[in-house]
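Chains as they are written, first to last, in the numbering used here: chain A, 1 to 201; chain B, 202 to 377.
Derived by calculation from the structure, the hints in this document are not laboratory data.
Source: prediction; values computed, not measured.
Don't take each hint at face value.
Computed, partial: chain B to chain A, Cβ under 7 Å [what the hints assert, rightly or not]:
no.	residue
1	S300
2	Y357
3	P364
4	Y374
Glycine included, every Cβ here is placed at the ideal spot set by N, Cα and C.
Here's the letter readout for the chains.
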Amino acid sequence: MAVKPGDMTPVTWDPKRRHKLDLPVTPGGWETPQAPLGGNRPALSPFNKSGVPGIITAPAEQLFALARTSSLWPLTFGLACCAIEMISTYMAHHDLDRLGVVTWPSPRQSDVMIIAGTVVKKMAPPIKLLYEQMPDPKWVIAMGSCATNGGPYYRSYSVVMGVDHIIPVDVYVPGCPPRPEALMEGILRLQEKIKQDARRK
Amino acid sequence: MTQERPAPAARAHPAPAEAQAALTEKGKALSALLHEALAEFKPAMSAALDEVVLTVDRANLVKAATKLRDDPRLAFDYLMCLSVVDYEDRFEVVYHLRSLAKPARFTLKVSLPYDDPIVPSVMGVWPGADWYEREGHDLFGVNFEGHPNLAPLLLYEGFEGYPGRKSYPINDYQEW
């Protein structure tokens with residue numbers, strides 16, 4: 001069935017034009033002629049692009065890294081105006097859920113700590129405690145200029161000059177505050193870093 | 202080219218009598234009422250824009266505050282804000298008061314000498330003064346006598362100095 005430009009009639013799903021790369025239709029499974037056409041169908045598995053039964057060989061460390069990458073759970077934790085941008089990143093417009101990022105209100109089940117805002121000296125001990133309560137492996141994203149080096153409060157009497165004075169940081173996101181796109185970039189970079197670290201081991 | 206800063210005299214506040222003359226009718230009525238009700242404490246009357254400003258001696262503060270709250274003609278039952286100002290030769294503690302029943306608002310001030318910054322606490326009159334007074338104690342070192350717990354609220358334990366004061370160095374980073 002050819003689709004002309006400007007043709008507004010709905011097109012029924014056709015397995016022959018389902019992908020630009022002209023992949024063969026996988027035999028068996030959900031794409032058999034017996035399965036009803038149309039509606040929501042699961043996406044093609046990344047392991048099954050060749051059309052043959054999926055086999056992947058890799059060191060266990062890399063497989064674990066792949067799993068961790070696809071399911072980063074940041075601790076729900078905001079300190080200043082960056083937290084507002086972080087919240088809007090989680091919400092429907094930017095939707096971090098599609099990257100596998102699920103916010104979690106407890107350090108015990110979290111992987112990532114997003115330091116979103118100004119770290120004052122009075123708040124430093126609780127931040128350290130929360131970091132220590134998170135199980136390994138864990139990562140830290142310093143969001144915004146305050147968490148990076150103090151930002152506008154540089155050398156202030158009450159502000160820590162960067163959260164890396166108290167806990168190790170993996171990714172720094174610049175901005176004051178960073179836009180949601182910047183935080184998403186930071187999370188993508190963290191995913192890359194997790195995968196690269198697994199390859200190096 | 203550098204821009205000249207305005208001379209201090211040009212920025213000086215108008216004299217109390219002039220400032221009072223600029224008040225609205227409602228403000229003048231409130232000013233007269235306060236002057237009459239607090240006559241025993243000899244308040245110094247002034248004004249800033251359209252707000253009545255009244256200064257009392259720190260020895261009379263709690264008595265004046267109790268009267269301001271309990272007198273049915275005044276009924277200033279809500280302390281909106283308490284702040285401390287460093288004028289380098291003195292401190293001023295500023296109480297922004299509001300009457301929810303009337304409604305009316307005005308500013309009460311107490312002046313303190315720089316080397317003896319002690320003022321009685323008004324927590325017994327307006328319990329909401331609790332954290333404001335702790336903040337004033339933290340940042341300016343003003344001692345609010347009679348406050349049950351002047352532990353640091355905003356600063357951490359072991360902080361040295363008073364960062365709200367103008368004499369505090371702006372770039373003084375303390376390792377903690």
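Hint check, failures only | 1
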